[in-house]
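Heads up: the sequence lines are chains A, B, C and D, in that order. When we follow this note's numbering, the leftmost residue of the first sequence carries the number 113, and every step to the right adds one. When we follow this note's numbering, the leftmost residue of the second sequence carries the number 113, and every step to the right adds one. When we follow this note's numbering, the leftmost residue of the third sequence carries the number 113, and every step to the right adds one. When we follow this note's numbering, the leftmost residue of the fourth sequence carries the number 113, and every step to the right adds one.
Wrong hints could be hidden among the right ones.
Because identical chains cannot be distinguished in the list, a pair is counted as satisfied if it fits within a single copy or across any two copies.
Said to hold, decoys possible - No more than 25 Å apart at the CA atoms, straight line, and that leaves these computed lysine-lysine pairs for BS3-like:
1. 134 to 238
2. 193 to 238
3. 238 to 224
4. 193 to 224
5. 193 to 134
6. 134 to 224
7. 238 to 203
8. 193 to 203
9. 142 to 224
10. 142 to 193
11. 203 to 142
12. 134 to 203
Since the hints were derived computationally from the structure, they do not count as laboratory data.
Protein chains: 4
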Amino acid sequence: MSSSALLEQISTFMNEQIPFQKHLGIVVTKFDAQQSEVRFRWQDQLVGNAPMQILHGGVTATALDTAGGVVIMASVIERLKQDLPADEIVKRIARCGTIDLRVDYVRPGRGKEFITTATIIRSGNKVAVARMEMHNEDGMLIAFGTGTYIVG
Amino acid sequence: MSSSALLEQISTFMNEQIPFQKHLGIVVTKFDAQQSEVRFRWQDQLVGNAPMQILHGGVTATALDTAGGVVIMASVIERLKQDLPADEIVKRIARCGTIDLRVDYVRPGRGKEFITTATIIRSGNKVAVARMEMHNEDGMLIAFGTGTYIVG
Amino acid sequence: MSSSALLEQISTFMNEQIPFQKHLGIVVTKFDAQQSEVRFRWQDQLVGNAPMQILHGGVTATALDTAGGVVIMASVIERLKQDLPADEIVKRIARCGTIDLRVDYVRPGRGKEFITTATIIRSGNKVAVARMEMHNEDGMLIAFGTGTYIVG
Amino acid sequence: MSSSALLEQISTFMNEQIPFQKHLGIVVTKFDAQQSEVRFRWQDQLVGNAPMQILHGGVTATALDTAGGVVIMASVIERLKQDLPADEIVKRIARCGTIDLRVDYVRPGRGKEFITTATIIRSGNKVAVARMEMHNEDGMLIAFGTGTYIVG
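Based on the provided sequences and hints, a complete structural model is requested.
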């Protein structure tokens, strides 16, 4: 499979095979084997503290875990042989999973749009680690964190 | 305000003022100043890994943060003077917030219902810490974690 | 190698091959493939806050990581074939390593003796997770935490 | 007290009132209210894995917690009124403490010298958060982490 076909394959997986991400309106906007970016817009149903109008901590955790998962999957795929059939690639991605996640909440989750980036810190054939940051549309740091993932 | 009126006040806050919890169908089933329990049922839209049919890590993080937040809020209220007006209580609860959260994913998130319990480990007038566990309806441990919260 | 010879092999490794543990006076007092216990006594040089006479957070982290490492190593060895030569066992143990560690400090580290226990929570052939608690001689919970380990 | 006298006061505290830091040879090399740097040299007694010649995870945790603690203390002092008597400053510093610490171990701890830097991420009047990184003398990232601290 060509490299562009591969990327399309991954995008399809990410947009179709992760229902909860879709449910929250989290969209993958960039990724390669080193970094990823996901975005979502404010919605009233994502609020965790209505009097204060602040995002639920679980929404932030979801965005961080999603961005981390995307870059981990991309890095796993990059290591695979280029001619692997598409269904085998999906099988490999599906074996990836979060082992643990830490989220540090820096500022109240307020804004119109939230941009979460992830960077690979450790990339092994058993375990991979990614570091994530979430900013709002004004560039304010809302949260950061680290995820440790098992890779197939 | 009487103790039972107080509990009703808190329940109302938790069920009405946390839209994201409601959106995911997470219901507070028990709480006092030491422990809390929240539950939600499987829904296809909560899936993070469709080929494997596993909950999204962000859903688990949301359940843990919710259970932790509930017990923290109950413990904050317990410390307040009994005759505080209801709107003052809401103000105090609204000032609580998660500082950091760690989630350890032990087994794939599969089941019909998920029960998350939280226990207060540290309860100060600045910071409180809760420990959480999520099991499915068969009593299988799916995840555990710790949350550190700022209290008003 | 017999089972008792195996245990002796491990004990020797733990007491001779981990200089920092020895340096702090941390002694492995119990272990099997599910749980471990390590102990150390108060020493003035372990203090992190002299005016308050409290253990350094790094000492507590060391005790937790040590207890976690011990139970992980024991669980790795249990999975090995019984007739593996001793030097091969040492090689396998030496490949284990901490991926990440979280420590929650519950109470000031004060006491005469500190007892840290670890329990295996997840035991895979790539990754293992242990949960740890440290008490003083009066049974006061000083700290708890979680370690994620890579296994050979 | 003048600003330079203040800095000297802090340095004295850090070098004299933290015995465990001294015991491991960890020296504070830079600090202000935003960032800090601590250094230590390889010593055989700091090893956690003798066959592999790798630092004990607890040593790394100690260095990270120390760097984080230093920047937190500096930031607390910066907020104090300039004319506070020296013993009052010591009292304030002594009230600071680590609530929780996460360490991510990226590469085996090998090198001649280890440089740990900390940056303040959140600085409140109840809680402060610092992010830390440890490199060896070749600039290799060995570990990073986050500490949450209570401030007096």
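*Looking at the structure, which of the earlier hints fail to hold?*
Of the numbered hints given earlier, those the structure breaks are 1, 3, 4, 5, listed in rising order.
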